[in-house]
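Got chain A sorted already, so can you dock chain B onto it with the hints?
The listed protein sequences correspond, in order, to chains A and B. Each residue of the first sequence is one higher than the one before, counting from 1 in our numbering. Each residue of the second sequence is one higher than the one before, counting from 1 in our numbering.
It should be emphasised that the hints constitute simulated quantities derived from the structure, not laboratory data. It cannot be assumed that every hint is accurate.
Claimed, not checked - Subject to a maximum C-alpha distance of 27 Å in a straight line, what follows is the list of computed DSSO-like cross-link-like pairs (lysine-lysine):
| # | chain 1 | residue 1 | chain 2 | residue 2 |
| --- | --- | --- | --- | --- |
| 1 | B | Lys193 | B | Lys163 |
| 2 | A | Lys183 | B | Lys73 |
| 3 | B | Lys73 | A | Lys174 |
Just so you know, these numbers come straight off a predicted model, no measurement behind them.
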Amino acid sequence: MAEEVKTPVPPPPLEGEKKPAAEERAAPASAEPAKPAAPAKPAGPVPVPWTSPLVEKYKGQYGSGIDAQTYLGQNYFAVDRSLIPNILRLLRDEEQFDYCVDITAVHYPQREKQFDVVWILYSFPRNQRVRVKTQIADGASISSSVSIWATANWLEREVYDMFGIQFDGHPDLKRILLPDGWKGHPLRKDYGILQQDNEWVQINLGIESGQ
Amino acid sequence: MKDSTHDASNRTLSNLDLETPEKPYLDSNELIINMGPQHPATHGVLRVILKLDGEKVLGTECVIGYLHRGVEKIAENRTYTMFNPYVDRMDYVAAVSNGLGYCEAVEKLMNVEAPARAKYIRVILTELNRIASHQLWLGTHALDIGAMTPLFYTFRDREEILKIFEKYCGARLTTHAFRIGGCQYETYAGFEKEVKNFLTFVAPKIDEYEELLTTNRIWIERTRNVGVISAADAIGLGVTGPVLRASGVKWDLRKAQPYAAYSEFDFDIPTGTNGDTYDRYLVRMAEMRQSLRIIEQAVNRIPEGPIMAKVPKIIKPPVGEIYHSIEAPKGELGYFIVSDGSTQPYRLRVRPPSFVNLQALDIMVRGLLVADVVAVIGTIDIVLGEVDR
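Chain A extracted, bound-state conformation (with noise of 0.2 Å):
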């Protein structure tokens, strides 16, 4: 329950607060706050650092890697794209992280990496919940974490047919909502909602167009 606990945060005016791991990568700086409109609301919660026993351990392992931050009550982890695969197991292994909810990404087109992807554990013997979360860019791929939980199959397997992000070490790696032969990656920014294989449309359905 410790995730719930509203903690009532004093609001002090924080630019590009979004991403946590920005301000120390500096490049989305410029990009992130011409995005939300500044009059809109200024008195919204921003995360603050998460301290916790797990968030110092981790913090003295591997130093300015990781960032770790509360918002609205819930915990998340900014973890430097290299580290995933070690963190993600000793959350697992030895943080009892026995349950990986969903595995997700969100594209962000105007960053120098586009990509920020999201794992949503959760802990049966702790009940408590954590994201965790990396940039990658566009092209780059990622360590699977099918060997960790069987069930990032389906769900890695899901982001690579919404996103095209590559996952390294996944045993069958293919588009799932899609079919096969399907060009383009719906859930990109750049993808218009209109937009469709058509090529794909006319060879398999023998229609004009599917709209």
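Below, chain B without anything else, positioned relative to chain A:
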């Protein structure tokens, strides 16, 4: 037929933990056949590629996506309010649960809370929907296995729930019952009385279903020790809901991380021990009775007061991201929403229980017969609208 050329050593079963029959009486060639996508027992358009040795299943592969509508992409192009009815079209037999999860996730992102009265109405309707979903599951699952009567019984009784939904919000299936911040509709005159009538009506009906099946020899033979999944496998595969609980894991989000008004009610979490199809049946039957308990407590003490929290007409959550999940009839239904401060979600991810649970099909049917595949697909309780989104 003693034919030495049909030697058992040709068979490649070693890695599948199957005993090799001493006398192969069938052709030892493996057979690959499609089950579905158009098949009455796949509960929609699910295609399962079966690798068979005679009648024995050596392995399966699910081909899904036939109902893919790109719900997550649609969400990015609609406002938060406009997207609300879309969630009903995922798990369309439990639309109220989908709506509850979505509304609560957006409320959490906006840092508002629904009023107590709205929470109680939400609990009552959601639990009614859980019973309806389990009834539909029971009827179709039993029909798949060969018992036709339960289908008529459950559909007859489910009708009463749909009538309450219809009177409350005008729709029977895709209800769009809740709004971000509470409920749009006040309960109609006589709502409490009708819900109470329903409780007294349906309790003996659940006994009736059990009378037909629980001690029925054919039912037991077809379900006991079929589709067994251990607790460790279930956790590793991310399986949730009744399937997880039937394997002996006492975990229910309504208790573990209570949402809506669930912390105020007294109910138990039914669990099984063997993790087989029969236990999953018993767990769901017990869950229906627990839902009745929750509804009874809720309907007897619905608080007075407003049904909508103060939310702006134009919903514009602050920049941030949130994950919120609820215990839907099929398992953990989660919404991961990223807001960029505009009126539309920057990214909205649905964590569908059916999709994740379906992945366990392969491990559950290996070594069983083809007829058992039908039983196992039924027992996982999938809705393809939610698997494919």
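**OP:** Would you check the hint for lysine 73/B and lysine 174/A, treating anything up to 27 Å between C-alpha atoms as holding?
**Re:** holds (20 Å)
Subject >> Proposed proximity, lysine 163/B with lysine 193/B (alpha carbon, max 27 Å) >> reply: It holds: about 14 Å lies between the C-alpha atoms, which stays within 27 Å.
Subject >> Holds or violated: lysine 183/A to lysine 73/B, with C-alpha atoms at most 27 Å apart >> reply: holds (16 Å)
This entry satisfies every hint, going by the numbered hints stated previously.
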